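Use these hints to put chain S onto chain F, whose structure you have.
There are 2 protein chains.
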Amino acid sequence: MDDDQENLSMLVPFLPQDLLNRLRISSERTGCSAMNLIEKALREFLEGTPRNNAVYLSTPINALVEGLYVENTTMAEIKKHGDFGLGTFNFLDGEMVLLDGNVYQIRSDGNVYQVKDDEKSPFVCVTFFNPDTIDDLENSNNSRGFYDLLNSLIPSENMLYAIRIDGSFIHVKTRVVPRAENYTPLVEATKNQPVFEFHNMRGSLAGFYTPRFMESLNAPGYHMHFLSEDRQHGGHLIDCILGRVRIGIQHVPKLDVGLPVTLDYLTADLTRDVGNDLDKAEH
Amino acid sequence: MDDDQENLSMLVPFLPQDLLNRLRISSERTGCSAMNLIEKALREFLEGTPRNNAVYLSTPINALVEGLYVENTTMAEIKKHGDFGLGTFNFLDGEMVLLDGNVYQIRSDGNVYQVKDDEKSPFVCVTFFNPDTIDDLENSNNSRGFYDLLNSLIPSENMLYAIRIDGSFIHVKTRVVPRAENYTPLVEATKNQPVFEFHNMRGSLAGFYTPRFMESLNAPGYHMHFLSEDRQHGGHLIDCILGRVRIGIQHVPKLDVGLPVTLDYLTADLTRDVGNDLDKAEH
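Note that the protein sequences, when read in sequence, are chains F and S.
First residue of the first sequence? That's 1 in the numbering used here, and the numbers climb one at a time after it.
First residue of the second sequence? That's 1 in the numbering used here, and the numbers climb one at a time after it.
Next up, chain F with everything else stripped away, as it sits in the complex (with noise of 0.2 Å):
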């Protein structure tokens, strides 16, 4: 052991030896002092980065329209871009939902499994949700449709919106869809998905409100994915009837698409216009 390195070991003894170590390359590189660089060091981390309010798309979704169902993206790497959202899983396996940092996978047998962060996905939207508004709602609404409360909810047609529901639920209809070979154009893959439906039950909706200019990017309009309470039933949201909710919504300033680096996607034609096929596919 040189010197510096005894110097810094008493400095900080409590750091691990190879944080010490890396510390002296850095102050040697640096030219600052060690106590210096753990002075800025501190005060970043202390200061924190603000969070990027943004919609993360791991993919644009043409790429899945046109029936590109296996990418290299896991779980870990999403987490990255955000704590809650939706999407699928390789080869079209089920529907994805992303809550407080948890992936579920309800697959075409209706079932749910918990996923592990090594699992990948060909397309995931998702964001660190964090409410600008929550309401409050009792059953009184019913009588107006779901999609027309959200509508009403949300100031303008022109920004991204993170949308949370959770509490009880009167009736929800879902579908799931089933898995598919790659390079199954979505609007086939799609054609028989089985229809689940749950009545009062308690559960959360967790989804999206994209601006219809942005459909070959991402499913335009309200995408919602449902999740029981009790980790046992879920799917994407076709209608629901809701009980006694709490509504959260964060309004999202910026929206963040990743561009796979695979062949299969470099040479894909893309130039279809899919929104009508996503409109088939979707519901």
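Some clues are possibly wrong.
The list treats identical chains as interchangeable, and a pair is accepted whether it falls inside one copy or across any two copies.
To be verified - Under the rule of at most 20 Å between Cα atoms (straight-line distance), these lysine-lysine pairs were calculated in the PhoX-like manner:
1) Lys254 - Lys120
2) Lys191 - Lys173
3) Lys280 - Lys116
4) Lys80 - Lys116
5) Lys79 - Lys116
Think of the hints as simulated: they come from the structure by calculation, not from any bench.
Since we're looking at a predicted model, the values are computed, not measured.
Frame of chain F; chain S shown alone:
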């Protein structure tokens, strides 16, 4: 001074008092020991955050096409997202070139102006330029057109690319958008643009290739702005014949789009397909 405070200043006596206070508060809030927080801070600091390799748009371009020419986005804000790129200024007042972190304004009088950090823009497209490939070209490439040459350098129509070309130009043809009233549709505002031609001039082209399916967000295909080496001439590139140049191309696997939180943007009608208008306005 209480006990905790005293212990802390014995532990890391070289840290200034304000930082010790904040460290103590953070430790109380998080339940982590001060030693633990210092270790975490130092790890994050020494690992560093990799630069975001993304094309950043301050606004979806369809807002510009509809005549929204006034936003609050300052150059200082824009420089957080890139040191290279192009755009325009509030009231569509000329063509912007961003090179090596310096912002230039080419106005319709043909003159070039340096731009201060507090000036504002309704639309920019920027990145941190870091080319993946560099090609040195001799005059011999003149047999084929400029855009054919670019096509041969770009591996996929589905990726974003930042393109920088420096050197001598045999011929450059540009146009410069004249200042316009807010809310004038872009096809109107760009009907009578002055055109400039330059011969045997050294300079730089800064621009991007954007996939066609992103046309509601960014100008699709190649979009490049020219700036002469003496910073006296420039404009939106119509066409050119290259001399000896160096071509740098950066593959950019991410698109970040800001959505303005302004009444104009939030209430705009952005439902039109703007592709044709954009083609008309650009050329």
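Violating hint indices (sorted, rising): Hint 3 alone not satisfied by this model.
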